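*Asks:* What follows is each chain in one-letter form.
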Amino acid sequence: MGSWEFLDHTADVRLFVRGGDIHDLFITAARALMEVLVGVVPTGDLEYRTVRAEGEGFEELLVDWLRELLFLFQGEGVIAVKHDIIEIDRMHLIARCGCAAFDPMKMSMATDVKAITYHDLVVTEDDRGVSARIVCDV
Amino acid sequence: MELVQRDAYRWEVPKTGRMAVPGLIFSDDVMIEDILRDRGPVQVANVATLPGILTHSLAMPDMHWGYGFPIGGVAAFDIKNGVISPGGVGYDINCGVRLIRTELEHGRIKKKLEELIMELFRAIPSGVGSKGRLHLNEKDERSVLTRGARWAVERGMGGEEDLVRTEDGGVMEGAEPEALSERALTRGKDQLGTLGSGNHFLEIGVVDEVYDDRTARAFGLFTNGVVVQIHSGSRGLGYQVCDDFLKIMGRVTAREGIDIPDRQLACAPIGSDEGREYYSAMACAANYAWANRQVMLHWTREVFMRVLNLSPVELKMNMVYDVCHNIAKFERHTIDGKKREVCVHRKGATRSLPPGHPLVPGPYRDVGQPILIPGDMGTASYVLVGTENAVAETFASTCHGAGRVLSRKAAKQKAQGRAIARELEDQGILVMAAGKNALAEEIPEAYKDVDRVVAAVEGAGLSRKVARLKPIGVIKG
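Those protein sequence lines, which keep their order, are chains A and B. All the letters of the first sequence, read from the start, carry residue numbers 14 to 151 under this note's numbering. All the letters of the second sequence, read from the start, carry residue numbers 31 to 507 under this note's numbering.
Any given hint could be a false lead.
[To be verified] Examples of chain A residues lying across from chain B (beta carbon under 8 angstroms, computed):
no., residue
1, D25
2, G88
3, A113
4, D125
5, K127
6, L134
7, D150
[Said to hold, decoys possible] Some chain B residues near chain A, calculated using beta-carbon distances under 8 angstroms:
no., residue
8, T79
9, W95
10, R217
11, G226
12, Y269
13, L276
14, Q294
Hints listed in this document are in silico derivations from the structure and should not be mistaken for laboratory results. The structure presented is a predicted model; accordingly, all values stated were derived computationally and were not measured. Positions of the beta carbon are idealized from the N, C-alpha and C atoms, including for glycine.
Work out the full structure, taking the sequences as your base and the hints as a guide.
*Replies:* Here it is, written out as structure tokens:
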């Protein structure tokens, strides 16, 4: 089970995410993004969607994965609360995500993330697992 | 990083390594300390490595650490061998400010202020993911993207006199909706006429002080007069355009062999297919933002008329001006005595044109272009006017706001346990906010002292003070 924390950045939200392995890192990063977006992650009826991401290497793949989840929220009004990664390698990712409809009347709104940036992006591996630093433009 | 102080308001980032030109930061003795604490100066140096950059990589006194380009950064590129970069414009394409004056004095609205703010809050959707009262079909959306603020005016939401007082007449040429992704179009359908969140706001204010009578009169401003400011941009559509093209340009940068120190600086030669497509898409987003602010202006006028029971003639709610502060533009500038066509990127910077410049709209040609500098919600905003020196030194650019000093996380910690709305009310400022974090993240201490920022651009000769505005009622997204 991974963990995350917020690092300081003058204008934006900077996340430090840690996972036991790549799989765990990507799921934890998705959870961190959900917390940034809606604070308390909603429960309730879920609708399942397939999410695909691509990139050249894990850094680009991580940005693309989070961009896809962000678009689900901002473009389609659903928040992915469960993330089941079916396939992942350095170039591709396929996941099944359980999504809840976002109801602004019932759910808390937190931060309007404009985008997941490539700025200061790093994914590193050490003997404790895998970690990443990501800056979200808000 | 070592900076070399040139005079009271100028610090040079010396040309080292792969920098093609030096950097130049405008600031003062106090603010430069904050600037040196974060990574803004490194970003000024990074921008100076991009192909075709001319004279200097510039930064305004409200500069701070962004991503790729610093916020408050200005960079001009040669049209033949230079680049265009989505990161040099930012996610919120044509984020900007419009200022509206009225014929009313502060006393006339004091008793009605609360009702005005409540009704404006109801009329103009704000906050995270806010959807508008308008739903655009495909044809209308295309028309918004190519016609900008004119689209709204043609539908009865404002008049020609609003367009005259908008930068570029509220329409950017060269917009081609085909350059936009499906996602960008989807995100644009329901967000026209929405304020958004973050630092965006709608504010009722009063003219607190006039520094230049003649220019203030030309702008329609007088001491104690009621004004309205709208700060918003191109919403999700603009963010999506930037995001889409950053991904595309990452590949272009590799293909062209452009070595960039930060992936967020991804760019394409101005004349390449990708460069041209980005420009067309950016122009669409710029037009969306102008239409967005025009629609919100219309609804603001409706609320004022209804709540105060006054006619348009009695209110005289006329536009002062509308500026964009996140944009790339093709402009003609004189460099080393020669006129050249350049692409100026302003990311958190405003255009500053002097009296007599052909691009200053007719009503202001004799005094110069109005420049709108929003401050934080607790202090003040400024109206400035453009200067010759800005044309000579900064590709006609100046600052755009107060500029953050505290991160949102630090601001929230500072605001913890405080009733921010109450604190502001005690200072005579009524605030309504959509998001629960909005007020905490935007506390006045999170920003630089706007008085200092403005004094620095005036000291450096990049613009001149005309009037100061004090907020009395604020809607935060």
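*Asks:* What are the numbers of the hints the structure violates, in ascending order?
*Replies:* Numbers 3, 8, in rising order.
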